[in-house]
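Chains A and B, in that order, give the protein sequences.
Last residue of the first sequence: 404 in our numbering, with the numbers rising by one and none dropped.
Last residue of the second sequence: 194 in our numbering, with the numbers rising by one and none dropped.
Don't read these hints as lab results, they were simulated from the structure.
In this text the structure is predicted, and so the values were computed from the model without any measurement.
Incorrect hints may have been included.
Claimed, not checked - Taking lysine-lysine and the PhoX-like style, the derived pairs with C-alpha atoms no more than 20 Å apart in a straight line are:
(1) 22/B - 119/A
(2) 342/A - 326/A
(3) 289/A - 270/A
(4) 402/A - 22/B
(5) 44/B - 22/B
(6) 99/B - 342/A
(7) 119/A - 397/A
(8) 123/A - 179/B
(9) 150/A - 218/A
(10) 7/B - 99/B
(11) 84/B - 44/B
(12) 44/B - 77/B
(13) 326/A - 7/B
(14) 326/A - 289/A
(15) 179/B - 342/A
(16) 102/A - 146/A
(17) 22/B - 397/A
As the list claims (entries may be wrong) - Among chain A residues calculated to face chain B with C-beta under 10 Å, some are:
(18) 35
(19) 37
(20) 119
(21) 120
(22) 130
(23) 200
(24) 315
(25) 316
(26) 317
(27) 320
(28) 334
(29) 353
(30) 355
(31) 386
(32) 391
As the list claims (entries may be wrong) - Facing chain A, from chain B, some residues (calculated, C-beta under 8 Å):
(33) 14
(34) 15
(35) 21
(36) 34
(37) 36
(38) 57
(39) 60
(40) 61
Cβ atoms here follow ideal geometry from the backbone N, Cα and C, with glycine treated the same way.
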Amino acid sequence: MRPVYLDHIAATPPRPEVVDAMLPFLGESFANPQSLHSGGQEALQAVEESRARVAGLIGASAEEVVFTASGSESNNLALKGMALAGRARGKRIIVSAIEHLSVLNAAKSLEKLGFETVLVPVDGLGRVDPEDVRKALTKGTVLVSVQTANSEVGTLEPVAEIARISRENGVPFHTDAIAAAGNVPFDVRALGVDALSLAADQFYGPKGAAALYLRKGTRIVPLVDGGVQEGGRRGGTENVPAIVGMGRAAEIAAAEMTKWIGTETSLRDHLIRGLLEKVDRSVLTGDPSSRLPHHASFCVEFIEGEAMLLHLDMKGVAASSGSACTSKSLKVSHVLLAMGVDHALAQGSLVFSLLETTTAADIDRVLEVFPPIVDTLRRMSPLFTKFLEEKTS
Amino acid sequence: MIYTEKVMDHFQNPRNVGVIKDADGVGQVGNPVCGDMMAFYIKVADDRLADIKFQTFGCGAAIAVSSIVSEMAMGKTLDEAMKITNSLVAEELGGLPKNKLHCSNLGADALHAAIANYRERLSPAVASGEAKRTPESEAEECACPYCDGPLVEEGAGELCRKCDVEFVECPSCGDLNKRGAETCVHCGEALEK
């Protein structure tokens, strides 16, 4: 039986067209884009075409796109680069409590340099209230960063409104759109953001290629000092094959996204309805309506996420979890905790994230194999036994 | 695969799962906050473990550890079973990933707690000290978020000796924060200085 891969949030499979576009640049077209000879110029042209394609996906101009090596690097460049560029004005930065660790830990590093981080809370559905951002804004605030969508619970944030509030107060705004870009349509001008992170491996492109959109005029201090690459905003020889793959993936996403969203939304809703119906004492996490089209996340009571993932894997289903045991740090998801999810319940976190190629048969397979896994694990769970005893007594 | 074949075997086909209603001793360790919780039930005959059942809330390693502990201890005298150590459990499973070693502590602890509970029922005065956790497993409740190493209790918080970082629990969500942080990195709640 074909494996069912529902771990989009970890990585998407590169489209065959993407791999084909990359191949020449892994071999004969190896030249450095900064070289003056014709090989170098050919590579440069490929990089610049990709830049235009990535810009096209998000409604930016090509010169506003800086290529990086990962989404985490884009977030680090935005947080550190923009905060440091603004340090003459103040030392306060505002981020949401459910940001990716590449934002939260970048903010922590800035604290060591004397910056102060304010964490804006979220509600039970993982939504930031733009008014909380307004209240946190002070004269010395140099950066606001709130993600476009959360990869653990799928919630879409009101970034356009937060961007507007930031702009009214003259504070630059960055959004981590890694989970959203290439999966839901948006336009950086309509959103009104100053900076936006995106990564190719979230829209059927390769790993090692990501970008930071920087609105023309946005000030930044580079993290990697070097030559003239990326307009002086990131030194280092360009990773040409990965950049070319990202460009091709952006072009495909721009053309096919509407179709993907249609398919994914209906399959996602089928999965959510089916799972909640078949698994007693399970809940959907995140916003039920304003969420990523490919994202279905749950907490299953009385059992733990890693055990569920191992069983699912043995049945050929790949998914992910925010339980403490699945993380190397043994810490339960900071996202679920910030949403007020009980610690024990958060251990039963499970995320299915769909691909554009996911079929109804794939979802039916999950709905068939998953409930017996829950039964098996609950039979050996002391928490479930206790629950049954309390129910009958 | 992060786990050995033996771990996966015990995870998939755990031995001795269940509850003994009229158990001679019951031991429960861990809590769902740190991710693992184990309950061991024992029947004792002629100072030997005649039957063992367990229940586990936790990851693959936690389930495999409980299963192999029940198998290792079955039929042993109580004194022999008390000698089953965390490292023996991990060794019997062909090794565990470093950040899962605390699971093996819980398994041995839960069994030992059940035996201590049995002994306490027999003569409360003599055995009352034995339910305490063994020194080897102390401080293994949660791991340091930076190095995965053990945390030891220190005053009101916990300390990672290796990283020399002190952590305090957030009063709102219970997660660990560096001492001195103003707000919890996880829920944004204000922390006491």
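Verification of the hints:
Proposed proximity of residue 22/B and residue 119/A is contradicted: the alpha carbons are some 51 Å apart, above 20 Å. Between residue 342/A and residue 326/A the alpha-carbon distance is near 27 Å, which puts this suggested pair outside the 20 Å criterion. Annotation: proposed proximity of residue 289/A to residue 270/A is violated, straight-line Cα distance about 29 Å (limit 20 Å). A distance of roughly 17 Å separates the Cα atoms of residue 402/A and residue 22/B; the hinted pair therefore holds under the 20 Å criterion.
Between residue 44/B and residue 22/B the CA atoms are separated by roughly 10 Å; this keeps the pair inside 20 Å, and the hint holds. Using a Cα cut-off of 20 Å, the hinted pair residue 99/B and residue 342/A holds, with the two alpha carbons roughly 15 Å apart. Pair hint residue 119/A plus residue 397/A does not hold up; C-alpha atoms about 41 Å apart against a cutoff of 20 Å. Of the supplied pair hints, the one linking residue 123/A and residue 179/B holds, its CA atoms being roughly 13 Å apart against a limit of 20 Å.
Simply put, residue 150/A and residue 218/A have alpha-carbon atoms about 39 Å apart, too far for the 20 Å limit, and the pair is violated. Pair hint residue 7/B plus residue 99/B holds up; C-alpha atoms about 16 Å apart against a cutoff of 20 Å. Note on residue 84/B and residue 44/B: the hinted pairing holds, with a Cα-Cα distance of about 18 Å set against a maximum of 20 Å. A distance of roughly 12 Å separates the Cα atoms of residue 44/B and residue 77/B; the hinted pair therefore holds under the 20 Å criterion.
Annotation: proposed proximity of residue 326/A to residue 7/B holds, straight-line Cα distance about 19 Å (limit 20 Å). Restraint check for residue 326/A and residue 289/A: the C-alpha separation of about 18 Å stays at or below 20 Å, so the hint holds. Straight-line distance between C-alpha atoms of residue 179/B and residue 342/A comes to about 14 Å, which keeps the hinted pair within the 20 Å bound. Between the alpha carbons of residue 102/A and residue 146/A the distance comes to roughly 17 Å, so the proposed pair stays at or under 20 Å and holds.
Distance check on the hinted pair: residue 22/B and residue 397/A sit about 13 Å apart at the alpha-carbon level, within 20 Å; holds. With a least beta-carbon distance of about 36 Å to chain B, the hint placing residue 35/A at the interface is violated under the 10 Å criterion. Residue-level restraint check for residue 37/A is violated (minimum Cβ-Cβ distance to chain B is 29 Å; threshold 10 Å). Given the 10 Å rule on beta carbons, the hint for residue 119/A holds: about 7 Å separates it from the nearest Cβ of chain B.
The criterion of a C-beta within 10 Å of any C-beta in chain B is not met by residue 120/A, whose closest approach is roughly 13 Å, and the hint is violated. Annotation: interface hint on residue 130/A holds; nearest CB of chain B at approximately 4 Å, less than 10 Å. Evaluation of the residue 200/A hint against chain B yields a violated restraint, the C-beta minimum of about 31 Å exceeding 10 Å. Hint status for residue 315/A: holds, given a least beta-carbon distance of 5 Å to chain B, under 10 Å.
This hint holds: residue 316/A has a C-beta 8 Å from the nearest C-beta of chain B, less than the 10 Å allowed. Evaluation of the residue 317/A hint against chain B yields a held restraint, the C-beta minimum of about 4 Å falling below 10 Å. Proximity of residue 320/A to chain B holds as hinted, the smallest CB-CB distance being about 9 Å (cut-off 10 Å). Among the interface hints, the one on residue 334/A holds; its C-beta lies about 7 Å from the nearest C-beta in chain B, closer than the 10 Å criterion.
The interface hint given for residue 353/A holds, since its Cβ lies 9 Å from the closest Cβ of chain B, which is under the 10 Å cut-off. With 10 Å as the threshold, the beta carbon of residue 355/A comes within range of chain B, its nearest partner Cβ sitting at about 3 Å, so the hint holds. Given the 10 Å rule on beta carbons, the hint for residue 386/A is violated: about 13 Å separates it from the nearest Cβ of chain B. Restraint check, residue 391/A versus chain B: the minimum CB separation of about 5 Å is within 10 Å; hint holds.
For the restraint placing residue 14/B at the interface with chain A, the shortest Cβ-Cβ distance is roughly 11 Å, beyond the 8 Å limit, so the hint is violated. With its C-beta approaching chain A no nearer than about 6 Å, residue 15/B sits inside the 8 Å limit, and its interface hint holds. For residue 21/B, the shortest C-beta to C-beta distance to chain A is roughly 12 Å, which exceeds 8 Å, and the interface hint is violated. Given the 8 Å rule on beta carbons, the hint for residue 34/B holds: about 4 Å separates it from the nearest Cβ of chain A.
With a least beta-carbon distance of about 4 Å to chain A, the hint placing residue 36/B at the interface is held under the 8 Å criterion. This hint holds: residue 57/B has a C-beta 6 Å from the nearest C-beta of chain A, less than the 8 Å allowed. Against a cut-off of 8 Å between C-beta atoms, the interface hint on residue 60/B holds, since the closest Cβ of chain A lies about 3 Å away. Interface hint at residue 61/B: satisfied, since its Cβ lies 5 Å from the closest Cβ of chain A, which is below the 8 Å cut-off.
Going down the numbered hints, you'll see the structure goes against 1, 2, 3, 7, 9, 18, 19, 21, 23, 31, 33, 35, while the others check out.
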